[in-house]
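> For reference, the chains in residue letters:
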Amino acid sequence: NAGVTQTPKFQVLKTGQSMTLQCAQDMNHEYMSWYRQDPGMGLRLIHYSVGAGITDQGEVPNGYNVSRSTTEDFPLRLLSAAPSQTSVYFCASSYSISAFTYNEQFFGPGTRLTVL
Amino acid sequence: TQLLEQSPQFLSIQEGENLTVYCNSSSVFSSLQWYRQEPGEGPVLLVTVVTGGEVKKLKRLTFQFGDARKDSSLHITAAQPGDTGLYLCAGAGQAGTALIFGKGTTLSVSS
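Protein chains in written order, with the numbering used here: chain S, 1 to 116; chain V, 1 to 111.
The reader is advised that the hints may include incorrect statements.
Said to hold, decoys possible - Ranges between beta-carbon positions, derived for each pair:
1. V/GLU15 x S/SER80: 42 to 50 Å
2. S/PRO8 x V/PRO39: 34 to 42 Å
3. S/ASN1 x V/GLY40: 17 to 25 Å
4. V/GLY53 x S/MET27: 27 to 35 Å
5. S/LEU116 x V/HIS75: 41 to 49 Å
6. S/THR86 x V/GLY53: 21 to 29 Å
7. S/TYR95 x V/PRO81: 31 to 39 Å
8. S/ILE54 x V/LEU3: 21 to 29 Å
9. S/ASN28 x V/GLU15: 27 to 35 Å
10. V/GLY40 x S/GLU59: 20 to 28 Å
11. S/ALA52 x V/SER108: 40 to 48 Å
12. V/GLU15 x S/THR5: 44 to 52 Å
13. V/ALA78 x S/ALA52: 31 to 39 Å
To be verified - Counterexamples of contact, computed for chain V against chain S with all Cβ distances above 10 Å:
14. PRO8
15. GLN14
16. THR48
17. ARG60
18. LYS103
19. SER108
20. SER111
As the list claims (entries may be wrong) - Here are a few chain S residues that sit away from chain V, every Cβ distance over 10 Å (derived from the structure):
21. VAL12
22. LYS14
23. ALA24
24. MET41
25. LEU79
26. PHE90
27. GLN105
Don't read these hints as lab results, they were simulated from the structure. By construction, the Cβ of each residue, glycine as well, lies at the ideal position given by its N, Cα and C atoms.
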């Protein structure tokens, strides 16, 4: 198993450009999510999905779109990049979630995005 | 909004010392997880605690979940340089639909 893969590893954008960060997992996990990590801010949830065709917003969704057409893939789209979106982006997946306990979250290696 | 506060934010110690880091909230969590993140990589799960008062040990690491399930601690005995990293606690959010992370404790262990 490759686990959770993310591409690209590094990206530089100009303000106003759009792009898609790719995330894929080969563990047949239902739950997938996107986080951004900024110094001193920890991991903040952007969007998440509990299964194919189902997505929802997290703590900081503005400026980002997601879709989940397959179980394996969960791309994150930046509509019009801004310098405030400079960050490290992590995709994560887990087998399932419930109100009572959490399965292990498997994280990808991250995408380091700079917006000039 | 459920929040997880971690302390201290930074910790720099010598090899062989003991340390404790804390994860606190005013909210009750159904479970808490601890992750460690090394530079340039994603977080990796260390442990999940689900029962109030639960204590779990992972070699030199001891994790405790508070009786009221609002707080947790991580104690490291005889720290080693390999323990260096960012330690994050995470809790199951309301209705179990979002995992909430604290801001983390950055640990540096020098030899």
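> Can we confirm that no CB of chain V comes within 10 Å of the CB of S/ALA24?
14 Å, holds
> Hey, does V/SER111 actually stay past 10 Å from chain S on C-beta?
Correct as stated: the minimum Cβ-Cβ distance to chain S is 26 Å, above 10 Å.
> In terms of Cβ atoms, is chain V entirely out of 10 Å range of S/VAL12?
17 Å, holds
> A cut-off of 10 Å on Cβ-Cβ distance, and S/MET41 was said to be off the interface with chain V. Does that hold?
With a cut-off of 10 Å, S/MET41 comes too close to chain V, as the shortest Cβ separation is near 6 Å.
> Does the Cβ pair V/GLY40, S/GLU59 satisfy 20 to 28 Å?
Once the Cβ atoms are compared, 24 Å apart, the range 20 to 28 Å for S/GLU59 and V/GLY40 holds.
> Verify this label for me: V/SER108 is non-interface relative to chain S, using a Cβ-Cβ cutoff of 10 Å.
For V/SER108, whose nearest Cβ neighbour in chain S is about 15 Å away, the distance exceeds 10 Å, so it holds.
> Quick check: does the Cβ-Cβ distance between S/LEU116 and V/HIS75 fall within 41 to 49 Å?
44 Å, holds
> Quick check: does the Cβ-Cβ distance between S/TYR95 and V/PRO81 fall within 31 to 39 Å?
33 Å, holds
> With 34 to 42 Å as the target window, see if S/PRO8 and V/PRO39 comply at their CB atoms.
Distance hint for S/PRO8, V/PRO39 is violated at roughly 19 Å.
> Okay, S/ALA52 versus V/SER108 on CB: inside 40 to 48 Å?
Holds, at about 42 Å.
> Taking 17 to 25 Å as the hint, is the beta-carbon distance of S/ASN1 and V/GLY40 inside that range?
Given a distance of about 21 Å, which is inside 17 to 25 Å, the answer is holds.
> Evaluate the condition: distance from the CB of S/LYS14 to the nearest CB of chain V exceeds 10 Å.
25 Å, holds
The structure shown violates the earlier hints numbered 2, 6, 9, 12, 13, 16, 18, 24, 26 and 27.
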